[in-house]
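For the protein sequence lines, the chains are Y and L, in the order given. Taking my numbering, the leading residue of the first sequence gets 747, the next gets one more, and so forth. Taking my numbering, the leading residue of the second sequence gets 171, the next gets one more, and so forth.
Keep in mind that the hints were calculated from the coordinates and are not lab data. Take these hints with a grain of salt, some might be off.
What the hints assert, rightly or not - Per the computed footprint, the stretches of chain Y lying under chain L, defined by three or more beta-carbons under 8 Å from a beta-carbon of chain L, are:
id, stretch
1, 830-837
2, 868-879
3, 1020-1027
Claimed, not checked - DEER-style ranges, computed between Cβ atoms:
id, chain 1, residue 1, chain 2, residue 2, range
4, Y, HIS834, L, GLY239, 48 to 56 Å
5, L, GLY300, Y, ASP861, 49 to 57 Å
6, L, ARG240, Y, VAL827, 29 to 37 Å
7, Y, ARG830, L, THR236, 25 to 33 Å
8, L, VAL229, Y, VAL842, 42 to 50 Å
9, L, THR268, Y, ARG826, 25 to 33 Å
10, L, PRO307, Y, LEU1005, 30 to 38 Å
11, L, MET362, Y, VAL842, 48 to 56 Å
12, Y, PRO1026, L, VAL229, 37 to 45 Å
13, L, PHE188, Y, ASP833, 18 to 26 Å
14, Y, HIS834, L, GLU297, 46 to 54 Å
15, Y, THR754, L, ALA281, 58 to 66 Å
By construction, the Cβ of each residue, glycine as well, lies at the ideal position given by its N, Cα and C atoms.
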Amino acid sequence: MDRFLYLTFDGLSRGAVYAAFALALVLIWRAARIVNFAQGAMAVATAYAGYSVADATGSYWLGFLVAVTGGLVLGAVVERVVMRFVDHSSPLNGVVVALGLVLIIQGVLGMIYGDGYRPAPAPFSRDAFEIGGIAILSRYDLFVFAAVGAVVVLLTLLFTRTATGLRMRAAAFAPDVSRLLGVPVGGMLTLGWALAAAVGSLAGMLVLPTELGLHPNAMDLLFVSAFTAAVVGGLDSPVGAVVGGLVVGLLLAYVGGYLGATVAPMAVLVLLVVVLLGRPDGLFARAKARTA
Amino acid sequence: MSTRDEQGLYIHHTTVRFGGLLALDDVSLRVPPGRVVGIIGPNGAGKTTLFNVICGFVVPQAGAITLDGRPLRPRPDHLYRHGIARTLQGVGQFGGMTVLENVQVGQRRRARPEEAYAALERCGVAEHAGEYPGSLPYAKRKRVELARALVARPRILLLDEPAGGLDAAEIGWLAELIRSARTTVLLVEHHMDLVMSVCDEILVLDFGKPIALGTPGEIRSDPKVAEAYLGAPA
């Protein structure tokens, strides 16, 4: 039972990060109908920038701010400079360009920072508290929950309570109709990419201290897990991304804990295949609207 | 300052070709402020193309549009700031947003949230505010579309076949709404009773060419219109 509880809380903590990263993928999917395969590489790039600032100034929080702000800027630049000029007549075009971005970003990071792992220290202790003799959560886990929770709440408020969020959703649903209603569709798309990249950068900053450290490929596995989370929940559903992230986090924790860490990645792929076969639009896909 | 004759929307000698097809052939039309002007014609006459020119979806090979005497270079995302709202034949609502949210997207910036609800009330669909448009019958969705266009309080309202798919009672309601809109209306419609009852002036297109322009009475008695559209007597 102790082990089960420990694995559950560990899975929820990891799942929260997957949820944030899946949310970033969902934001871009809803806005542009592109699975941003460059999301992981973009998050690593901003994490390098953040930890460089943290090393230079001695302030983790300044580095954290730089990483998240850098994500905001990088997302906007990628949309305005690259993605806007992609021919979207085939969904494959955006995927190929995103994969090209991955190679470019990882290549440039390798040239600047080298191929070795660099330390990515956590701002809080990762030693778990013991309650009733059971190690449950660390201060860092609590920070992860708080950060991801804050992002989810802020995004929910943005999309449901503000005119900007309403216009972002409208631009994503029907760009031509939105233009007729005065919605600056291009600006909304840029904002969507910026927000998504910022959330991805946050997820990167949260997960890297729990992994081996900074490396140009450090987010590759996280991307697979987060992509699975987004597909499990449904690429159109922010709620699904959060639930999918938690499901994937728990699955990885249980399978890794009971069957061995080497089996865990396989479990994620099996889950992905099962969902794609059984419910390809995801667990939280909206029912098709009536047409007459 | 524009002169009185320049007030309103003015389409000057507009020609549109799609490859070898002449969709609009030297079409001119003035839509004075506060008037309801109808555009009728058989299918393929160029009615919706004319709307698409005004909205900037189609760029004409020749011609110009002026609004209150000033050149209007139409772009879909600039229509709104010129005070022009358009409804679409295919309704065009945001399926993943509630009825109220659909209307809120059409609101002017800094508009009060209750204005969207008031627009739904005016169109008789306020009780569906929290539902998704896809769950509503077609006629109700048409009403939501009208509410979304009206909420911006447009100077010029472009209605593209608003009566399509509506029953007689709904068309009666629509006629009353157009009459009471207190704005300039440009109406593309096949439903002759509606057009004749609400329009101050009617332009008739046939194969992209304007063949008649006049009051409903003049259009009714025009033999060219009877031949091209209403059906020549056997």
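Do the hints match the structure? See the list:
Coverage of the stretch 830-837 of chain Y by chain L is violated. Counting CB-CB distances below 8 Å, 0 residues qualify, and the rule asks for three or more. With 0 residues carrying a beta carbon less than 8 Å from a beta carbon of chain L, the stretch 868-879 of chain Y misses the three-residue requirement, and the given coverage is violated. Residues of the stretch 1020-1027 of chain Y with a Cβ under 8 Å from some Cβ of chain L number 0, which does not satisfy the need for three, so the listed coverage is violated. A hinted range of 48 to 56 Å for the beta carbons of HIS834 of chain Y and GLY239 of chain L is inconsistent with their spacing of about 39 Å.
Take GLY300 of chain L and ASP861 of chain Y: their Cβ atoms lie about 55 Å apart, and the range 49 to 57 Å holds. Between ARG240 of chain L and VAL827 of chain Y, the C-beta spacing of about 35 Å keeps the proposed range 29 to 37 Å intact. Taken as a hint, the range 25 to 33 Å holds for the pair ARG830 of chain Y and THR236 of chain L, whose Cβ atoms sit roughly 32 Å apart. For VAL229 of chain L paired with VAL842 of chain Y, a C-beta distance near 31 Å fails the hint of 42 to 50 Å.
A hinted range of 25 to 33 Å holds for the C-beta pair THR268 of chain L and ARG826 of chain Y, which are about 31 Å apart. Restraint check, PRO307 of chain L to LEU1005 of chain Y: a C-beta distance of roughly 53 Å breaks the suggested window 30 to 38 Å. Our hint of 48 to 56 Å for MET362 of chain L and VAL842 of chain Y holds, since their Cβ atoms are close to 53 Å apart. Between PRO1026 of chain Y and VAL229 of chain L the C-beta distance comes to about 40 Å, which sits within the given range of 37 to 45 Å.
Taking the beta carbon of each, PHE188 of chain L and ASP833 of chain Y are about 22 Å apart, inside 18 to 26 Å as hinted. For the pair HIS834 of chain Y and GLU297 of chain L, the beta carbons lie near 39 Å from each other, so the given range of 46 to 54 Å is not met. For THR754 of chain Y and ALA281 of chain L, the hinted distance range of 58 to 66 Å is not satisfied, since their beta carbons lie about 48 Å from each other.
Checked against the numbered hints listed earlier, the structure breaks hints 1, 2, 3, 4, 8, 10, 14 and 15; every other hint is satisfied.
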